[in-house]
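There are 2 protein chains.
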Amino acid sequence: MSEVLVVGSVGYDTISTPVGQREHILGGSANYFSLAASHYSKVNVVGVVGDDYEEDHKKILTDRKVDLSGLQQIPGKTFCWEGKYENDMNEAITLDTQLNVFENFDPKIPEAYKKSSYLFLANIDPILQMQVLDQVESPKLVGVDTMNFWISSKLDELKKVLERVDVLLINEGEARELTGMWNGVAAAQKLAEMGPKGVVIKRGEYGFLMYAENQYFILPAFPVKDVVDPTGAGDTFAGGFFGYLSKVNDGWNINHLKQACVHGCLMASFTVESFGVDALVGLDWAEIEKRHALYKSVITGH
Amino acid sequence: MSEVLVVGSVGYDTISTPVGQREHILGGSANYFSLAASHYSKVNVVGVVGDDYEEDHKKILTDRKVDLSGLQQIPGKTFCWEGKYENDMNEAITLDTQLNVFENFDPKIPEAYKKSSYLFLANIDPILQMQVLDQVESPKLVGVDTMNFWISSKLDELKKVLERVDVLLINEGEARELTGMWNGVAAAQKLAEMGPKGVVIKRGEYGFLMYAENQYFILPAFPVKDVVDPTGAGDTFAGGFFGYLSKVNDGWNINHLKQACVHGCLMASFTVESFGVDALVGLDWAEIEKRHALYKSVITGH
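Protein sequences, first through last, are from chains A and B.
For the first sequence, this note's numbering begins at 1 and goes up steadily by one.
For the second sequence, this note's numbering begins at 1 and goes up steadily by one.
These aren't lab readings, by the way, just hints derived from the structure by calculation.
Given the structure is predicted, the values throughout are model-derived calculations rather than measurements.
By construction, the Cβ of each residue, glycine as well, lies at the ideal position given by its N, Cα and C atoms.
Just so you know, not all the hints are guaranteed correct.
FRET-style restraints, in silico, Cβ to Cβ [said to hold, decoys possible]: (1) A:75 / B:19: 56 to 62 Å; (2) A:138 / B:293: 34 to 40 Å; (3) A:249 / B:293: 49 to 55 Å; (4) A:87 / B:98: 54 to 60 Å; (5) A:297 / B:250: 20 to 26 Å; (6) B:297 / A:297: 18 to 24 Å; (7) A:225 / B:159: 50 to 56 Å; (8) A:97 / B:24: 27 to 33 Å.
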């Protein structure tokens, strides 16, 4: 089995949704990604936390065989995010972001991780994403995510990263911002022209649109009637996507990429059913298979 | 072959989109519906126009074998709508609506239409929809559409109509308004509780969500890179949907309903590629089959 390396944020979230609220729960793109990908593959994390980061929270990941030897723990406070969702569960409203130790994050890839076949650069400063790319030796497949903050503040650096990755996974709103195009079908092509061989636009409750090798592959999200907390849905989509690719371990293969999108959808659908990472932690393979079968029936009609 | 009867608006539109603009072109729900459905089935129209309605515009429909003997022409001006689209092509901004002769529309179903097997009540006053229902003898399948105006002004009447129809086809925004639920998955169930055995929520560029017999069937729209004018997409979805059902002529059958949604998507995808009804007029069956094959590959990945 091959391994996935993720570099991203590890922290605490305070979240309010129409269903309820939670304070100071486990969050961060690398945590969501890892817990999702861990259902498919071995996962290694590179990130940074402060001295307030609890051992119990590390244990949630190590219990799922996620390797945290690349998680630096340094003096200071851990990254915190506070947000809320109103009716439109597709859109988070950020109330507060405290970068804390994440502000001076210097991603050091442990020797053992440098030969990782699958690499996901979660939503961090494109300058750091580039530093990671420079440290990892010939991965089979590299994916990247980004956000509006970097699109507006470090566009040139981001463009350089895009030239070096295989797959861009991006929210619809950010795809629009980066291309200036509202239409997702057109935006995906434009994004592919910037470098990535594959582009996956994440559409929240509407699923995803993938564009690669002049083909579109588009599907809706798995229908979830009671969305509790959409936080991390995009990162768990990426986790299911890369976890699956690492599991089949065939590098760039468009058919595998399509299946990877399906597994991304499945992971996202579990995530939104509970607050934080709860659903991903309790999940077992039989539930994933059951939902996969149900998803197939929703999109094929039989 | 069985026949579809549609009762709805027939009129003129003035439309502005980011791509361009057109003045006083053929519009109205019944026209869009009929031209789409005509590719599958015989279609009969009941509606009203003023004495300014041009013979050439009738000919566009009769050339496609649409029967207009139920189209009343009375003194006065024809219904006119003016709207624009900005970036979000899913949402029309109404600039002006002139009901004109449509204001006192009294739908009379010609004797020859009363035994229509498939009936679609396009977006008109629910009181008129009820009058039509009272005139048609035991149709095999009845569908209805509505809009925010009737939801806010004639909710009780609308609810009575919903109790008498088989399928509700409705925009996402209006599904939210009618149920008070943002989540489409939950809203569809709630709408089904109001009466219709089947609910189809039209999601614009994100396709549709169908709920019937405790099953969901959900697919994205066919990917259109250059959307020219989304006007009538919803009505042509309904046209493809009912045209297909009339063609297979098997009444309520959930498997046919699912295929009908796919044909609704295909018709909508052609519609948005040109201004007004242009694309529907020029279309031939080979193009529909070609797009159907392409759509399958987009959603199945092979």
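Going down the list of hints, with the structure as the test:
{"no.": "1", "hint": "A:75 / B:19: 56 to 62 Å", "in the structure": "57 Å, holds"}
{"no.": "2", "hint": "A:138 / B:293: 34 to 40 Å", "in the structure": "39 Å, holds"}
{"no.": "3", "hint": "A:249 / B:293: 49 to 55 Å", "in the structure": "32 Å, violated"}
{"no.": "4", "hint": "A:87 / B:98: 54 to 60 Å", "in the structure": "33 Å, violated"}
{"no.": "5", "hint": "A:297 / B:250: 20 to 26 Å", "in the structure": "21 Å, holds"}
{"no.": "6", "hint": "B:297 / A:297: 18 to 24 Å", "in the structure": "20 Å, holds"}
{"no.": "7", "hint": "A:225 / B:159: 50 to 56 Å", "in the structure": "22 Å, violated"}
{"no.": "8", "hint": "A:97 / B:24: 27 to 33 Å", "in the structure": "52 Å, violated"}
Of the numbered hints given earlier, the model fails hints 3, 4, 7, 8; all others are met.
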